[in-house]
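> Protein sequence lines, in the order shown, are assigned to chains P and R.
Residue numbers for the first sequence, in numbering that gives the first Met the number 0: 0 to 156.
Residue numbers for the second sequence, in numbering that gives the first Met the number 0: 0 to 70.
Where hints are given, some of them may not hold.
[Said to hold, decoys possible] Each computed SDA-like pair below joins lysine to any residue, with the alpha-carbon atoms no more than 20 Å apart: (1) P/LYS49 with P/LEU13; (2) P/LYS128 with P/ALA98; (3) P/LYS128 with P/GLN99; (4) R/LYS46 with P/LEU13; (5) R/LYS46 with P/LEU11; (6) R/LYS46 with P/GLY12; (7) R/LYS46 with P/PRO2; (8) R/LYS46 with P/THR131; (9) P/LYS49 with P/THR61; (10) P/LYS49 with P/THR131; (11) R/LYS46 with P/ILE16; (12) P/LYS49 with P/LEU118; (13) P/LYS49 with P/LYS128; (14) P/LYS49 with P/SER68; (15) R/LYS46 with R/GLY20; (16) R/LYS46 with P/TRP72; (17) R/LYS46 with R/GLU31; (18) R/LYS46 with P/ARG3; (19) P/LYS128 with P/SER68; (20) R/LYS46 with P/ILE112; (21) R/LYS46 with P/GLU9; (22) R/LYS46 with R/ALA33; (23) P/LYS128 with P/GLY71; (24) P/LYS49 with P/ILE83; (25) P/LYS49 with P/ILE112; (26) R/LYS46 with R/TRP67; (27) P/LYS49 with P/GLY71; (28) R/LYS46 with P/GLN147; (29) R/LYS46 with P/MET0.
Read the hints as simulated data drawn from the structure, not as lab findings.
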Amino acid sequence: MSPRAASRLESLGLTNIYDFAAGKATWLAAGLTIEGSDAATPRAGDHARKDVPTCQLDEPLTAVRERVSATGWDTCIVINEQRIVLGRLGRSALSNSDAQTVEEAMSAGPSTIRPDTPLATITQRLRDKNLTSALVTTLEGELIGLLQLEGTATQLL
Amino acid sequence: MMPGMPTTIDWHETQRLIAAGAQLVEVLPAAEYAEAHLPGALNIPLKELDRARVAQLRRDQPLIVYCWDYQ
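Working from the sequences, and respecting the hints, build out all of it.
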């Protein structure tokens, strides 16, 4: 639709026209600000913990374990230099004495959700699956944060 | 690409142009616009794109047009 609109605008004499072809769906999935009646709906991206610890593939596991422990978290998200999510280190992975590096210990390709997912929807989904958290990323897989069920339960009250 | 043809941009470039003062027009129906739209976007549904409706648009700023997605 937008390419036709762009051409129509051109036929009406406008110039310097840009077609944001990926559209509102991509804008929402990127977790960007919107206006309108849906803007008030709590979304996953708005409540994700952005301070979740992160690490890189080639880091020594012992160093990551100490760093994460000092923060009080029990999970760490594995990312590359562009913050694209590659894996996740849970409690058991962090304490894995057989692994030397993050890459050896991590769970690769964790499930992720988009930031525009309604908070109520993801909260119910997590409860149905007996899960307590969900990784929130953009369409390109860039880390936004970790949505935790305990925190959302409080915010939904 | 032929000179003067609209340029396709991604969301990163859209953000950059908005920060530089570009106008935004959503061409979806009014009800969809009311639910959610990009900040500052005007609504001119595709079926209503005519000379009268575009008269409100500035000619000295870039214009970004969008709908839901690639369809």
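> None of the hints should be skipped; say for each whether it holds.
Verification of the supplied hints:
1. P/LYS49 with P/LEU13: violated (42 Å)
2. P/LYS128 with P/ALA98: violated (29 Å)
3. P/LYS128 with P/GLN99: Since the Cα atoms of P/LYS128 and P/GLN99 sit roughly 32 Å apart, the hinted pair is violated (cutoff 20 Å).
4. R/LYS46 with P/LEU13: holds (17 Å)
5. R/LYS46 with P/LEU11: Satisfied, since the Cα-Cα distance of roughly 14 Å is no more than 20 Å.
6. R/LYS46 with P/GLY12: Within the cut-off at roughly 17 Å; holds.
7. R/LYS46 with P/PRO2: Given pair R/LYS46, P/PRO2 holds - Cα atoms ~14 Å apart, limit 20 Å.
8. R/LYS46 with P/THR131: Given pair R/LYS46, P/THR131 is violated - Cα atoms ~46 Å apart, limit 20 Å.
9. P/LYS49 with P/THR61: violated (23 Å)
10. P/LYS49 with P/THR131: Roughly 16 Å separates the two Cα atoms, so the pair holds.
11. R/LYS46 with P/ILE16: holds (18 Å)
12. P/LYS49 with P/LEU118: holds (16 Å)
13. P/LYS49 with P/LYS128: violated (23 Å)
14. P/LYS49 with P/SER68: Distance of about 17 Å is within 20 Å: holds.
15. R/LYS46 with R/GLY20: violated (26 Å)
16. R/LYS46 with P/TRP72: violated (53 Å)
17. R/LYS46 with R/GLU31: Measuring from Cα to Cα gives roughly 14 Å; hence the hint holds.
18. R/LYS46 with P/ARG3: holds (11 Å)
19. P/LYS128 with P/SER68: Distance ~27 Å between P/LYS128 and P/SER68 Cα, so the pair is violated.
20. R/LYS46 with P/ILE112: Distance of about 34 Å is beyond 20 Å: violated.
21. R/LYS46 with P/GLU9: Satisfied, since the Cα-Cα distance of roughly 15 Å is no more than 20 Å.
22. R/LYS46 with R/ALA33: Since the Cα atoms of R/LYS46 and R/ALA33 sit roughly 17 Å apart, the hinted pair holds (cutoff 20 Å).
23. P/LYS128 with P/GLY71: With Cα atoms ~25 Å apart, P/LYS128 and P/GLY71 exceed 20 Å; violated.
24. P/LYS49 with P/ILE83: Holds, at about 14 Å.
25. P/LYS49 with P/ILE112: holds (14 Å)
26. R/LYS46 with R/TRP67: Judged against 20 Å, a Cα distance of about 15 Å means the pair holds.
27. P/LYS49 with P/GLY71: Since the Cα atoms of P/LYS49 and P/GLY71 sit roughly 15 Å apart, the hinted pair holds (cutoff 20 Å).
28. R/LYS46 with P/GLN147: Distance of about 44 Å is beyond 20 Å: violated.
29. R/LYS46 with P/MET0: Measuring from Cα to Cα gives roughly 11 Å; hence the hint holds.
When each numbered hint is compared with the structure, violations occur for hints 1, 2, 3, 8, 9, 13, 15, 16, 19, 20, 23, 28.
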